[in-house]
Each structure stands twice: as structure tokens, then as C-alpha cells.
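Numbering follows UniProt numbering, with no gaps: position 225 of the sequence shown is 225.
Below, computed lysine-lysine pairings styled on DSBU-like, alpha-carbon distance capped at 30 Å:
| id | residue 1 | residue 2 |
| --- | --- | --- |
| 1 | Lys-218 | Lys-253 |
| 2 | Lys-224 | Lys-123 |
| 3 | Lys-123 | Lys-211 |
| 4 | Lys-218 | Lys-243 |
| 5 | Lys-253 | Lys-123 |
| 6 | Lys-211 | Lys-243 |
| 7 | Lys-211 | Lys-224 |
| 8 | Lys-253 | Lys-243 |
| 9 | Lys-253 | Lys-224 |
| 10 | Lys-253 | Lys-211 |
| 11 | Lys-243 | Lys-224 |
| 12 | Lys-243 | Lys-123 |
Derived by calculation from the structure, the hints in this document are not laboratory data.
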Amino acid sequence: MDKKHTQMNDSHPETNMPVGYPPQYPPTAFQGPPGYAGYPGPQIGYPPPPAGHPGPGPAGFPVPNQPVYNQPGGAAGVPWMPAPPTPLNCPPGLEYLSQIDQILIHQQIELLEVLTGFETNNKYEIKNSFGQRVYFAVEDTDCCTRNCCGPSRPFTLRIIDNMGQEVMTLERPLRCSSCCCPCCLQEIEIQAPPGVPVGYVIQTWHPCLPKFTIQNEKREDVLKISGPCVVCSCCGDVDFEIKSLDEQNIVGKISKHWTGILREAFTDADNFGIQFPLDLDVKMKAVMLGACFLIDFMFFESSGNQEQRSGVW
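From just these sequences and the hints, can you work out the full model?
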């Protein structure tokens, strides 16, 4: 019995785990949202990934392994959402959205940005209502664009899944940032997979309210979004209602959550929640995600110690 036990330990001296227990390759380029412990560093002594391991994603992105659940001694971080069966006519990677009716988005705090005011690429952690990670979102813009154009900057936002594959790309072109101009208003294109448009979010001109139209891949109007006249996150949530085309029925909402006086005052890292019907087309759910990021940049990207784009619209 002692000999058998010794052989088992010799086969896996680094982990002292039974044969077949999958090693962890946690993402190191991302930090968890405030309140969560940071990800542990890579484990030393593990062999290289086996043949057939998914290749690297976009340049600069980590490639985490398939998540491990029920880890001995407790999970090292928040677990990933397990992949559900892929529905018919579902773009690859969007099958996660078919099983949820709520998305939580946590923007990460960048220490360099807090200390120096130097604008860095935004990073977001996207979770389901159980707190399981669904995606990561990373902004991909150059330094000059970020710091010269500020919240009005055009950007590319890449959304990757737990295998490091880019499943969605959001493209925001440079547009007018003033509501007084009825032309050249804000918009964002949602692609899934990258290069294949599945929908658009178009700002609709209104003298008092922030309003948007959600369109499908054929640029046909599907839903409307209407925000409050006073877009100000002051000790409370700010709700943008998702409505039917006639604006008579509310089918969901995008909420900017209040995160506390210190975080609101000194950072532009925000938390959002999106609610929509469970049976909504996954492509439209992806477009809702794009609408949330557009709203974040338009109204909540500046921190409290900078010029805040809040007040009467």
C-alpha cells in the first residue's frame, strides 16, 4: 500500500493530485474586480499544454485553460460558466448567452490611470447572475487616441471567451459628441464572430433624453433604448430602459450601478447590469452588450475629478 501511494505521488510531484487531474493555467493579464483576490501566478513545474490545446487568441490576450471546478481547498477565483449546448443558428461563442437573462459587467480599476490620470485601455469582466465568468472584454486603441479624444474616442472592443478565442468585436467609429447636432450621432457595430455584423446600436436625436435604436444585421429597427433626462450616478443606479419599437412595453434595462463614493470620485471603473428576456435572440443579447459599452463611454467614462458628462441631457 505504501509503495502504491509513493508511485502516485511520484507521478505528480508538483500537485500531489491523482493521475488525470487537469492543471490550471489561470489568466494573468487580467485582474478581478474590486473585492476579489487577484489571480495566482502560474504554477511552476507543470508540463507544457498537451497537443490539441487551443492556440493563442488575439495578440496580447491570455489563453486560460478550460476552467476547473471543485478544486481542493476552494476555488482560486470565481469559476467560469460551463459551456451550454449550442442552439441552432447561433454564432460560435454566443451559446453562453442563450442560457441567461442577466449580465453583470465589472470594469477593472487601472492603478496607473488612478495615480497619473493617464488613460489606459479599458478591461471588463462579464459574468452571469451566479457570479460565474462568461467573457472578458478588452479595449484595443492606441495611446494617442485614448488620451486625445477621451470618452468620445473611436475604439475596438474585443470580447474573448474562457478559451482565449475572440467571439465578438465591437467597433465604434468617431462621431459627434454633442446632442445639439442631429447628424453624425453615436453608433456602435457588433460583430459575432469578428468580421460578421449581427447588429447595430444607433443614437437617436432627442433634445432632452438619451435615446438609441437597436438594429439587426440588416439595419432593421428591432428595439429602442431610452435613458433618464438627468444622467447622473449620484448615490443610486441609473437605468436605461429597453423598450419595444412603439415604446409601449419595457422588455429589459441597462443599469449603471452605484459603486460607492470613493470609487465614483477617483476612478472611471463602473459596474453595469443588463436584463433581457431569456428567450431573446442571442444576437440581440450580444447587441445589448454593445449598447452597454456605448452608454458607458458616452456618459460614465470620466471620473469624478475630471469633467463629468452627466447632468441634463
